[in-house]
Amino acid sequence: DVAVLTPYQSSVATNQMINVFQDKAKTAGWNATVVDTRGDMGQLASRIEDVVAAKVAAIVLVSVDPTQIQDQVNAAAAAGIPVITIDGAKAPGVVLNVTSDNFELGTKLSDFLFDKLGGKGNIVKFFYSAHPGVHQRELALDAALKKYPDIKVIADHYVVVPGPIDDARKTTENWLKSQGDQIDAVWAAWDEPAIGAQLAIEADKPDSKIIIAGIDGNPQAVEMIKACGHIKGTVSQDFDAMADLAAEGLTQILAGKTPEKAEIYAPAKLITPETLGVTCP
Amino acid sequence: MSQSPFLALDGLVKHFGATKALDGADLVLEAGSVHALVGENGAGKSTLIKTLSGLYQPDAGAIRLDGQPISIDGPRSAEALGLRFIHQELNLVPHFDTVDNAWIGRRHPRRGPFIDGRAMRARVAEVAARIAPDLPLDKPAARLTPGQRQMAEIVRALMEPARLVVMDEPTSSLSEGEAERLHDIVRQLSAERCAVLFISHRLDEVVDLCDRYTVLRNGRTVGAGSVSDTSRAGLVAMMSGTEIAGTASGQPSLPLWERVGERGTASVSPDETIAAPAFPHPNPPHKGEGASGQNPVLAADLGFGPAGSHVSFAIRPGEIVGLYGLVGAGRSSLLKTIWGATPGRGLIALDGQVPGPGPAGRIARGMAYVPEDRRREGLANSLSIEQNLSLAHLSDFRALASIPAPSRAKIRAFAQATGARLRLVAAGPDRSPATLSGGNQQKLLFGRWLGRPIRVLLVDEPTRGVDVGAKGEIHGEMRRIAADGAAVLMATSDIEELLALSTRVLVLHAGRLVAELDGPSLTRAAVVAAAFGHAPDEQMPPSERSA
Amino acid sequence: MILLRRYGTLFALALIVLVFTIASPQAFGTMSNLINITQQMSLLAIVAIGATLVMVLGEFDLSVSAVVSFAGIAAAALFAAGVPVPVVMIAVLVAAVAMGAISGFLVARYRVPSFIATLAFGTVIGGLTFWISNGATMFSGIPAGFRDLGRGTLAGVPVPTLWLIGTAIVFWLLLDQTEFGRRLYAIGGNREAARLVGLPVRRDMVVAFALCAALAGLAGLLLTARLGSAHPTGGGGYLLQAYAAVFLGMTAFREGEPSVPGTLVGAAIIAVISNGLTILGVPSFLQDLLTGAIILAAVLVRNFGRDGD
Amino acid sequence: MILLRRYGTLFALALIVLVFTIASPQAFGTMSNLINITQQMSLLAIVAIGATLVMVLGEFDLSVSAVVSFAGIAAAALFAAGVPVPVVMIAVLVAAVAMGAISGFLVARYRVPSFIATLAFGTVIGGLTFWISNGATMFSGIPAGFRDLGRGTLAGVPVPTLWLIGTAIVFWLLLDQTEFGRRLYAIGGNREAARLVGLPVRRDMVVAFALCAALAGLAGLLLTARLGSAHPTGGGGYLLQAYAAVFLGMTAFREGEPSVPGTLVGAAIIAVISNGLTILGVPSFLQDLLTGAIILAAVLVRNFGRDGD
Ligand SMILES: Nc1ncnc2c1ncn2[C@@H]1O[C@H](COP(=O)(O)OP(=O)(O)OP(=O)(O)O)[C@@H](O)[C@H]1O
Ligand SMILES: Nc1ncnc2c1ncn2[C@@H]1O[C@H](COP(=O)(O)OP(=O)(O)OP(=O)(O)O)[C@@H](O)[C@H]1O
Ligand SMILES: [Mg+2]
Ligand SMILES: [Mg+2]
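Residue numbers (my numbering), protein chains in the order written: chain A, 1 to 281; chain B, 1 to 547; chain C, 1 to 309; chain D, 1 to 309.
Please note that a few of the clues may not be correct.
[Claimed, not checked] With beta-carbon atoms standing in for the labels, derived distance ranges: (1) A:K209 x C:T178: 48 to 56 angstroms; (2) D:R109 x B:G17: 36 to 44 angstroms; (3) D:T153 x C:V87: 52 to 60 angstroms; (4) B:D73 x C:I169: 35 to 43 angstroms; (5) C:V87 x A:G118: 46 to 54 angstroms; (6) C:T30 x B:A510: 49 to 57 angstroms; (7) B:G17 x D:V83: 58 to 66 angstroms; (8) A:N31 x B:G17: 52 to 60 angstroms.
Think of the hints as simulated: they come from the structure by calculation, not from any bench.
Because the structure is a prediction, the values reported are computed rather than measured.
Note that beta-carbon positions come from the ideal geometry of N, C-alpha and C, so glycine has one too.
My request is simple: use the sequences and hints to build the entire structure.
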C-alpha cells in the first residue's frame, strides 16, 4: 500500500500529478490511496500519523513542504516507511524529492514577461504566499524586479482559495476600471488567477494590449493561449514527468535500493503561441 | 341533534411518561351552551383541550361529535370541524402584528396570486372592533402587553364562524372592563348557537357566565351539572375533593410531587417539608396595615413607560399597595422601571437609600420581583424546575461559602420545601418547567423568592392562572411578607384580589397615575371608574393636585 | 434618529458608496462600475436569497456551497458527455432540489439541528462532486451557448445581473406577498404556534430547503457559465459570505427578520466593499481589516444608542 | 430504546469504534492508535470546548478559526524576534482574550447578532494575521522548548492529549459545577428572564466569549508547537468542525444542551472517522461520503422514532 497525501488535491497541478502517479502505481501493482486535507496542515499531520499507524509501504507527499510537518515525517522515517515528495522540498527523513524548482519557475515567468514588455511597463501581480512553493515564485519576481528597474508593480492581490478563478476575475475587473490604461501585464503566480484575468479582460477590455502569463501549463490556460487570448505564456511544469520520476524512484526504494540523487528536478518549459505553432495577429 | 349532545368526550386518558395528565375524563357539551371546565392547577384542563384540538392523541377514550365517533388527527382537522381554540400559553408569532397573527393558518384574502393586505386588515379590524377596540393592530406581538396579546388571540379565534370556541383561561390577564366585554361576546356566541368551553379560575365569573360545568380532579371528571344547581363553594369542594361543608380553603388534594417516588427519586411528603425551618408558617390572614408614622420602605419618584409619564409615591412597611388599570395602562412598565430592568428617569429609595443599578442592585437590598409574562420573562425551559427556582439567589446555595459552586443537595432541599409550600404539582424537580401546568409555572415564579428576607416585593399578576386553593397560599405568603415589615406593590387585573389584599390602590390610566384610593374611598366602583379614566377630582392623588 | 435605527444598514450602504465615490470619482463612481458591481454580487446574492428562505425558518443550510460546486461539476460532466444545454440545466436543478429536500426532510421530520444535518449532508455532496470530477477542474466541452448565460450583456445590463433581478423579484414576491411566505415567517417566528394552528410545517420546511438548494444550483450553473470551467470546490467561498449577507440584511429592515430586500442590501455591501477597496488599491491585508471593520460599523449604526440586553 | 434515545450519539461512537476495530484490528484497534486519536482530536476538541461555552449562550463565535491562525502566527513572529517562551505564551493568550472580549462586548452590549459580529471581527483578525506574517508560512526561530508543548509524550500519554484532559476537566467543572456555568445556561435558556433575576448578563457573555477565544488561542499555540510552523490560515479547518463537534455533542446527552462531555464525544466521533477511514485506505471522495453519512446516522440514531415537528 502506498499512501498519497496532499492538502491541495483540487488544485489543477496537484491533481494532475496525483492522477499520473496513480496510473503508474496501478501498473506497478501498488495500491495507492489518496488523502486530501483541503489546505489544512494540522489535518495533514494527523493523516500522516494514521497511515504510519496503518503501516503503509510508502508515503508520497504532493505539493507539501515537509518541513511544515517535520515531526510526522520523522516518525514515518523512524517507523521505516520511506517518504518521497512530489513538488515538495528536501528535508530530513525524505528519501526522494521530485520537483521543479519554484524559484526557477518564477524567474522564467518574470523574465518572459519582462522580455515581452521590452523591459519597461506596469504589471499587476496575483500571489499566494501561504504556499511555500508559490511563495518562492514571488521571491523570484522580487529578484527579477531588481534587474528591471523600469518595471513597476502597480497593484497586487492575495488570491482567495478556494475559488481563485472567480476571485481573480473580479479583482481584474476592478483593476480595469481603476487603472485599466496603465496595466501592461498580469503576473500570475499560477495559472488559475491568470485564467480569471483573461476572462475579465476578454469581457471588459477585449482590445487592450495587456498580456498575461502564469505557471503550471494548466490545460485551460494552454487552450487560451492557443486561441490567441491575452495569456501569452505559461511556464509548464512537466507534471507527467515528475509523477513518472517519482514512481520510478519509489520502485527502486521499495526494491531496497537508494536513488542516486535525493532530489530530482523535472524540466520546466515555456509554452507560448509559438511553441504551440499558432500565429496570432 | 335532538338526543345526542353536540360533543361528548368519553374516558379520555393521556400519559406523559409517568404522569397521568388525563385519567378518564368525560365531558358532555350541548350546542350553544356556555360550559365551564374547572379544576385545580394541573388537573388536566389544558391537556383535555389540547387533546380535543388534535395536538395530542389520547391514549384511550373516544370523542364523539353529533353522536358520531371521530378522530381528530391534527389541529387542521379540528379547525375543519369548526372548533376554535384559544390556548392557555399564548401562541402568537412575535414579530407579526395583530393582523398577520389573526390570519395565520387561514386562507388569506388575495388579489391574483398575492395576498391582499388591505382586505386582511379590514377583516381583522371588523372583528377587533367588537371585542377589543383599543387593541393596536399594527404593533408586533412582541411589543404588546400580555393582556393585549390575549385579546389578539381572541380576535384570531373569532375570525371565522365556529361551532365551538374553547377558551383556556382567557380572562386571566384581562382586567374588569375587558373581561366584561369578553363575557358579552361569549353570550353573543351562545345566542348564535355556538358552544363555548370556558376554562377559568375566577369562579365568580364562572358562576355568572356559564350554564353548565365539568370539574376535573387529577385528570378525572369528578362532577358535572348545571351551574344554577351549585355554588362557588360547591365547585371549590369538588375541585379539591373535600366535602361540600368545607370552606374555600379546604384540604387540598395531594400534590403530585409524590410521583417523583414512582420514578425512583426520593419522595418527599408535604408534612416533612412544611416543617423545614426555612419556612415559618404564614401568619394568619392579615390585611397590611402600614403604621402611618413609620418611614417608607420604598419611595419612588420617577418617569416610566413609552410615554414617559411621571409618578411619585411611597410605601410604608407592612403595606400592600395595589396597582390597577386597564390592559396597557402601564402597570408592568412601572414595576419594571422600579426594578431597574428598564431605564427610567428619576429615583427610587429603599429605606432612604438609593440601591445599586439594575436588578442585581435591588436584589442585594432585599427587593424581589415576580414578572408578569412567565414564558418570556420568567422561566428558562432548558433548565430544570429546581434550577429555575434557585436562579435569583444562586449564591445562597453554596456548599462552601467561599467557592461559587452551588450544592445540588441544597437546591433540591429548597425546591422541595418551596414546592410543598406552594403545592407545586410536578413530575419531579429535575424536569423542565415546560412540563408544568400554567398555574404551577406561576407558583414556580413566586416560589423563587421564598425563604429570603424581603424588604420590598414587586409582583405583577401574582396569581394569574392559579387555582383557588393555591391563590390562598400565595395571598397568605404576600400577607406574611408584608406583616414582616416589607412593602408590597402588586399589579393585578383581578379586582377581587385587588380589593382583598390592598391597603391602598393606585390606579393608572394610559400611563398616568389618576387615582389613589384607600379607606372608605376604596370601592370596586371607584377603582373601575378611575381605570376607565373617569376620575372625579377628589380621587386625584395629592401630589398631582398640588402640582 | 429613529429612521437611522430603522434603516441603519441601508444608510451604511449609501455612506460606503458615497465615501468610495469621493475617493475615486473616475473609477468607482462611474455608471459602468456600478453596473459592474451588480454583476459581481449577482451569484453571491442568488445563493444568499436561497439562504434567506431557510433563515426565515430560523434554520441554517450549510450545504449551499457544496451544492454550488456540485452543480458546476455535474453540468460540466454532462456537457462533456454531450448532453444538450436545456437537459443539463434541468437535470442539475432537479438534482439540487432533491438534495435540498433531503436536508429539509432530515430537519423537519427528525428534528436534526439543521446546522449539523446540512453540514454532514454537504460533506456527502462534496464527496459526490469529487467522485464525478475526480477532484479536477473540468473545462472541456462547455458549449458557448451555455457560457452566454453567464456573460455578456443584454440591453446594456450584464446577464448575471438579469438573473439576479429575476430571482430577487420572484423570491421577494414569494416571501412577502404569498401565503407560503407568511407561513415560513410564522414557522420561523414560533414553530409551536404554527403547529397549533395546523400549518403544514414539515412540508413547508422541505420546500424551503429545496428552493434554497435550487438557487445554489442555479448559482453553480451560472458560475460555470461565467468561468467556462467548473472547480470541485468552486462554491466554497459562498457559504460564509451568503450568511453574512443575510445577517447584514436582517439589520437593514423591519423587526430584524431576514428578507429578500435586506439580503440584497447585505450582498451589495459586501460587493461594494471589495470592489471599492480593490479599485483604491488598498493592500490585501488592509482589505481584510477594512472589510471587517466596515461591516461591523454598518451593523453597529443601527444598534448604537439602543440599549443592549 | 429510551437509553438509545438518551445516549444515542454515545452509542454511535461506540459502534463506529467497534466497526473500525473489526475492520482493522492490527492498525486501528491497537492501544497506540487509540491514544494517537486522542492526540489528533485534541486541538479540535479544545477549540470546540471554547465554542461550547458560547453555544451555551445560544450564540456563535465564528472568529475561532481566525484566532487560532492569529495565535500561531503571532507566536511565531514573537519567537522570530527572540522573545522567550513564557512571555510569548502569555502575550498571545492575553491578545486572544482581548479579541474574544471585544466580540462578546459587541454581542452583549449592542446586540449585534453574534454570527455577523464574529464573522466580521474574524475578518479583521485575519487581516492582522496577514499583516504580521506577510501572508507567508513562518518557520524560523521556533524554540524546541516550545515545540515540546505540542509533541512527545509524558508517561506514555501524548502531550496534546494532556492539554485536552486538563482543558476538559477545568471547563467541565466551570460549566457544570459553578454558578458561572449555571448562569450561562440560564442566559442561553432565556436571556430576558436571566436579566430580570439580576444576573450579570453582559459581563458573563463577555467572559464566555473571552474564554472561548482564549481556548482558540491555546489551540493556535499548540498547533504551531505541533507543526513547528505557523500558517496564516492554519486555523481555517477548525471552524465548521468545532461547531460540528458541539452540535453532535448536543445530541449526545441531556435535553439537547451543549456540554463539555457532549462536545468531547462529538470531537471523538469526527476524529475516529477520519482516522479510521484513512487507516482503512478508503479513497478521498468516499471518505467524504462516508464521513457525512456516518455523522448523519449518529445524529439520527437519537432522533429516529421520535416524532418530528
Ligand atoms: N408536555 C408535558 N409533559 C409532561 N407533563 C405534562 C405535560 N403537559 C402537562 N403535563 C402534566 O399534566 C398535568 C396536567 O396539566 P394541564 O396543563 O392539563 O393542567 P391544567 O388543568 O391546565 O392546569 P392549570 O390550571 O394550571 O393550567 C400536570 O401534572 C402537568 O405537569
Ligand atoms: N417592549 C415594548 N415596546 C413598545 N411598547 C411597549 C412595550 N411593552 C409594552 N409596550 C406598550 O406600553 C404600554 C404599557 O404597557 P404595560 O405592559 O406597562 O401595561 P400593563 O398595564 O401592564 O398592561 P397588561 O395588563 O396588559 O399587562 C402598552 O400600550 C404597551 O403596548
Ligand atoms: Mg392549563
Ligand atoms: Mg402588565
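Against the structure, the hints:
1. A:K209 x C:T178: 48 to 56 angstroms: Distance hint for A:K209, C:T178 holds at roughly 53 angstroms.
2. D:R109 x B:G17: 36 to 44 angstroms: Once the Cβ atoms are compared, 42 angstroms apart, the range 36 to 44 angstroms for B:G17 and D:R109 holds.
3. D:T153 x C:V87: 52 to 60 angstroms: This hint holds: roughly 59 angstroms between Cβ atoms.
4. B:D73 x C:I169: 35 to 43 angstroms: 39 angstroms, holds
5. C:V87 x A:G118: 46 to 54 angstroms: 50 angstroms, holds
6. C:T30 x B:A510: 49 to 57 angstroms: 56 angstroms, holds
7. B:G17 x D:V83: 58 to 66 angstroms: Since B:G17 and D:V83 have Cβ atoms about 60 angstroms apart, the given range 58 to 66 angstroms holds.
8. A:N31 x B:G17: 52 to 60 angstroms: 54 angstroms, holds
Violation of the numbered hints given earlier is absent; every hint is satisfied by the structure.
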